[in-house]
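Engineer: This is what each chain is made of:
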Amino acid sequence: MNTAALLGPCHPDRALAWENGHPITYRRFLSEVATLADQLPEKPTVINLADNRYRFLVGLAAALVRGQTTLLPPSRAPRALVQIAREYGNSYCLAVDQETIEGLPTCHIPKGEWSATQHARVPQIPVDHTAVVAFTSGSTGSPRPNPKAWGSLVAVARSTGARLGLKASNHLTVVATVPHQHMYGLEATIMLPIQHGMAFHVGRPLFPEDVRLALTEVPSPRFLVTTPLHIRACVTACTRLPQMECILSATAPLPISLAKKAETLFQTGVYEVYGFTEAGSLATRRTVADETWHVLDGITLHHESGRCFLRAPYLPEPVLFPDLVSLQGPHRFVLHSRGADLVNIGGHRISLGDLNHKLNEIEGVQDGVFFLPDDTGTSVTRLMAFAVAPGKSTEQILSALRDVIDPVFLPRPLHVVPNLPRNETGKLTREALLGLLRERHGLDRHGA
Amino acid sequence: MSDKSSLEAEVAKLIVQTLNLKIDPVQIQPEQPLFGEGLGLDSIDALELSLAISQSYGYQIRSDDSDAVATFASLRSLCKSIEKNRTK
Numbered sequence: 334m335n336t337a338a339l340l341g342p343c344h345p346d347r348a349l350a351w352e353n354g355h356p357i358t359y360r361r362f363l364s365e366v367a368t369l370a371d372q373l374p375e376k377p378t379v380i381n382l383a384d385n386r387y388r389f390l391v392g393l394a395a396a397l398v399r400g401q402t403t404l405l406p407p408s409r410a411p412r413a414l415v416q417i418a419r420e421y422g423n424s425y426c427l428a429v430d431q432e433t434i435e436g437l438p439t440c441h442i443p444k445g446e447w448s449a450t451q452h453a454r455v456p457q458i459p460v461d462h463t464a465v466v467a468f469t470s471g472s473t474g475s476p477r478p479n480p481k482a483w484g485s486l487v488a489v490a491r492s493t494g495a496r497l498g499l500k501a502s503n504h505l506t507v508v509a510t511v512p513h514q515h516m517y518g519l520e521a522t523i524m525l526p527i528q529h530g531m532a533f534h535v536g537r538p539l540f541p542e543d544v545r546l547a548l549t550e551v552p553s554p555r556f557l558v559t560t561p562l563h564i565r566a567c568v569t570a571c572t573r574l575p576q577m578e579c580i581l582s583a584t585a586p587l588p589i590s591l592a593k594k595a596e597t598l599f600q601t602g603v604y605e606v607y608g609f610t611e612a613g614s615l616a617t618r619r620t621v622a623d624e625t626w627h628v629l630d631g632i633t634l635h636h637e638s639g640r641c642f643l644r645a646p647y648l649p650e651p652v653l654f655p656d657l658v659s660l661q662g663p664h665r666f667v668l669h670s671r672g673a674d675l676v677n678i679g680g681h682r683i684s685l686g687d688l689n690h691k692l693n694e695i696e697g698v699q700d701g702v703f704f705l706p707d708d709t710g711t712s713v714t715r716l717m718a719f720a721v722a723p724g725k726s727t728e729q730i731l732s733a734l735r736d737v738i739d740p741v742f743l744p745r746p747l748h749v750v751p752n753l754p755r756n757e758t759g760k761l762t763r764e765a766l767l768g769l770l771r772e773r774h775g776l777d778r779h780g781a
Numbered sequence: 172m173s174d175k176s177s178l179e180a181e182v183a184k185l186i187v188q189t190l191n192l193k194i195d196p197v198q199i200q201p202e203q204p205l206f207g208e209g210l211g212l213d214s215i216d217a218l219e220l221s222l223a224i225s226q227s228y229g230y231q232i233r234s235d236d237s238d239a240v241a242t243f244a245s246l247r248s249l250c251k252s253i254e255k256n257r258t259k
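In the order they appear, the protein sequences are chains A and B.
Using the numbering used here, the first residue of the first sequence is number 334, and each one after it goes up by one.
Using the numbering used here, the first residue of the second sequence is number 172, and each one after it goes up by one.
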């Protein structure tokens, strides 16, 4: 059986994680994983709710040791969790605190029980074991599962690390503003560190001042994993961040002007990684130097019937790009725009079809549509929606939506209208929706 | 309905302007929750709002302030924190 080690080259007495300024060693981690693995219930799938990055990793690793698969729900909205739990009925949930999921048994990740004398053996995991299932928003309304084999997670981590020049002797520590329950966070803040003997900060700083404090809590050299949104916040606030080796950004394109400002202000290189759930991270660029993306080693790109696909040794079949790209040979590409159905709000991606489906499923909603207005260039552009729902108030519809989607996708505003301007074929054009919007604004101004 | 202080009226205006909300600032009740069921704000808004507050009042909000959750609970609690920490 082909296996790959849970950890890359590392020293057992070096830090894997930093919590409140204290190191947690690789030795202690291996001991905690062995202890928890013995306690896990005999079930095939698990939803790991731990917000603490280290506790999450202990749970993930213990599940791997037991041959279990960790499900990464697309959102923490209560109904989204229940939906996944229903589809994977024989699951349990791993939690640090009191959080639970209705209908699922809970197993708690213990805090800090370990034995220093326990032998620090690094587990070997079969490469074809489904380590995690990430879910993407499909146009049908139900999340589409994307199983990830352990071998593919390791391969992506190694090729990303090779591109960024990471190795155990660098002793880098990651501080991340992104959640570890999404693919980018899992790859860049969990897999990248454990495969390269690095360390990470257990928290997830939000405000610029949080980012500064988290960075000062860990030793140099530091590596910041973040998004354009957080970079813009730190640049705008002129936060005096400690010396960093490198900043890595993903989830949305980073404007070159912002990358330039960040490089000057923070005196470090700003790199971007591009990927999507179906394929994982697949290309990088240094934003200030190059508009072109360079694919990771082992990946090749090709066109077929006007569409762009990528191949990688760890992907069972070629994967279609969800975004519009133009190829510059088999290893480089330029990104043009996101696919028409996909929207990106502050780094969170969702399918408009999925949102429309969820809106129309709400009791009392007869017809409804989401749309993204033109970018005004000021703050993050938010979605809007129209709904035909006699007898329902906007508050009632918003409350029902809040139950099923992430708050970042809630419409601002939601207009309840008598009908939607569908054309004779039943289609709603963008022009018609913009016209309806102007009409609503006119009514609002006149106090109607 | 409780009356707003002048700082509360000012910050309500800042919230509406910064987040491009389609509501009248006077509609924000001082004790109404800013997140979730109340005004429906999220972490992206919190980030935008923290920048506007640092620019207007010189107060760098952080989430590990012992009363971080309380800070953003409502317009009133936010204004109390601004009052306590403002440098301009």
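Keep in mind the hints are simulated off the structure, nothing from the lab.
Among the hints, a few may not be true.
Below, in silico cross-link-like pairs of lysine-lysine (DSBU-like), each with a Cα-Cα straight-line distance of 30 Å or less [stated by the list, open to error]:
{"no.": "1", "chain 1": "B", "residue 1": "Lys259", "chain 2": "B", "residue 2": "Lys175"}
{"no.": "2", "chain 1": "A", "residue 1": "Lys594", "chain 2": "B", "residue 2": "Lys259"}
{"no.": "3", "chain 1": "A", "residue 1": "Lys760", "chain 2": "B", "residue 2": "Lys193"}
{"no.": "4", "chain 1": "B", "residue 1": "Lys184", "chain 2": "A", "residue 2": "Lys725"}
{"no.": "5", "chain 1": "B", "residue 1": "Lys251", "chain 2": "A", "residue 2": "Lys725"}
{"no.": "6", "chain 1": "B", "residue 1": "Lys193", "chain 2": "B", "residue 2": "Lys251"}
{"no.": "7", "chain 1": "B", "residue 1": "Lys184", "chain 2": "B", "residue 2": "Lys251"}
{"no.": "8", "chain 1": "A", "residue 1": "Lys725", "chain 2": "A", "residue 2": "Lys760"}
{"no.": "9", "chain 1": "A", "residue 1": "Lys376", "chain 2": "A", "residue 2": "Lys444"}
{"no.": "10", "chain 1": "B", "residue 1": "Lys259", "chain 2": "B", "residue 2": "Lys193"}
{"no.": "11", "chain 1": "A", "residue 1": "Lys500", "chain 2": "A", "residue 2": "Lys376"}
{"no.": "12", "chain 1": "A", "residue 1": "Lys444", "chain 2": "A", "residue 2": "Lys594"}
Taking CB as the label site, the calculated pair distances span [unchecked claim]:
{"no.": "13", "chain 1": "B", "residue 1": "Gly209", "chain 2": "A", "residue 2": "Arg755", "range": "31 to 37 Å"}
{"no.": "14", "chain 1": "A", "residue 1": "Gly724", "chain 2": "B", "residue 2": "Glu254", "range": "42 to 48 Å"}
{"no.": "15", "chain 1": "B", "residue 1": "Glu254", "chain 2": "A", "residue 2": "Pro649", "range": "30 to 36 Å"}
{"no.": "16", "chain 1": "B", "residue 1": "Asp174", "chain 2": "A", "residue 2": "Arg409", "range": "35 to 41 Å"}
Cβ coordinates follow ideal geometry from the N, Cα and C atoms, glycine included.
Engineer: Next, verify each hint and record whether it holds.
Structural biologist: Here is how each hint holds up against the structure:
1. A C-alpha spacing of about 21 Å is found between Lys259/B and Lys175/B, which places the hinted pair at or below 30 Å, so the restraint holds.
2. Pair hint Lys594/A plus Lys259/B holds up; C-alpha atoms about 26 Å apart against a cutoff of 30 Å.
3. For a cut-off of 30 Å, the pair hint linking Lys760/A to Lys193/B stands: about 27 Å separates their Cα positions.
4. For a cut-off of 30 Å, the pair hint linking Lys184/B to Lys725/A stands: about 29 Å separates their Cα positions.
5. Of the supplied pair hints, the one linking Lys251/B and Lys725/A is violated, its CA atoms being roughly 36 Å apart against a limit of 30 Å.
6. For the given pair, Lys193/B sits about 25 Å from Lys251/B by alpha-carbon distance, which is consistent with the 30 Å threshold.
7. With a C-alpha separation of about 16 Å, the suggested pair Lys184/B and Lys251/B falls inside the 30 Å cut-off, and the hint holds.
8. A threshold of 30 Å between alpha carbons decides the hint, and for Lys725/A with Lys760/A the separation of about 24 Å falls inside it, so the pair holds.
9. With a C-alpha separation of about 22 Å, the suggested pair Lys376/A and Lys444/A falls inside the 30 Å cut-off, and the hint holds.
10. Taken as a hint, the Lys259/B and Lys193/B pair is honoured in the structure, with Cα atoms around 28 Å apart against an allowance of 30 Å.
11. Restraint check for Lys500/A and Lys376/A: not satisfied, since their Cα atoms lie roughly 36 Å apart, outside the 30 Å limit.
12. At roughly 41 Å between alpha-carbon atoms, Lys444/A and Lys594/A are farther apart than 30 Å, so this suggested pair is violated.
13. The supplied range of 31 to 37 Å is met by Gly209/B and Arg755/A, whose beta-carbon atoms lie about 34 Å from each other.
14. Checked against the hint of 42 to 48 Å, the C-beta distance between Gly724/A and Glu254/B comes to roughly 44 Å, which is consistent with it.
15. Glu254/B and Pro649/A have their C-beta atoms about 59 Å apart, which leaves the hinted 30 to 36 Å range violated.
16. A hinted range of 35 to 41 Å for the beta carbons of Asp174/B and Arg409/A is consistent with their spacing of about 37 Å.
In summary, the structure is inconsistent with hints 5, 11, 12 and 15 from the numbered list given earlier, while agreeing with the others.
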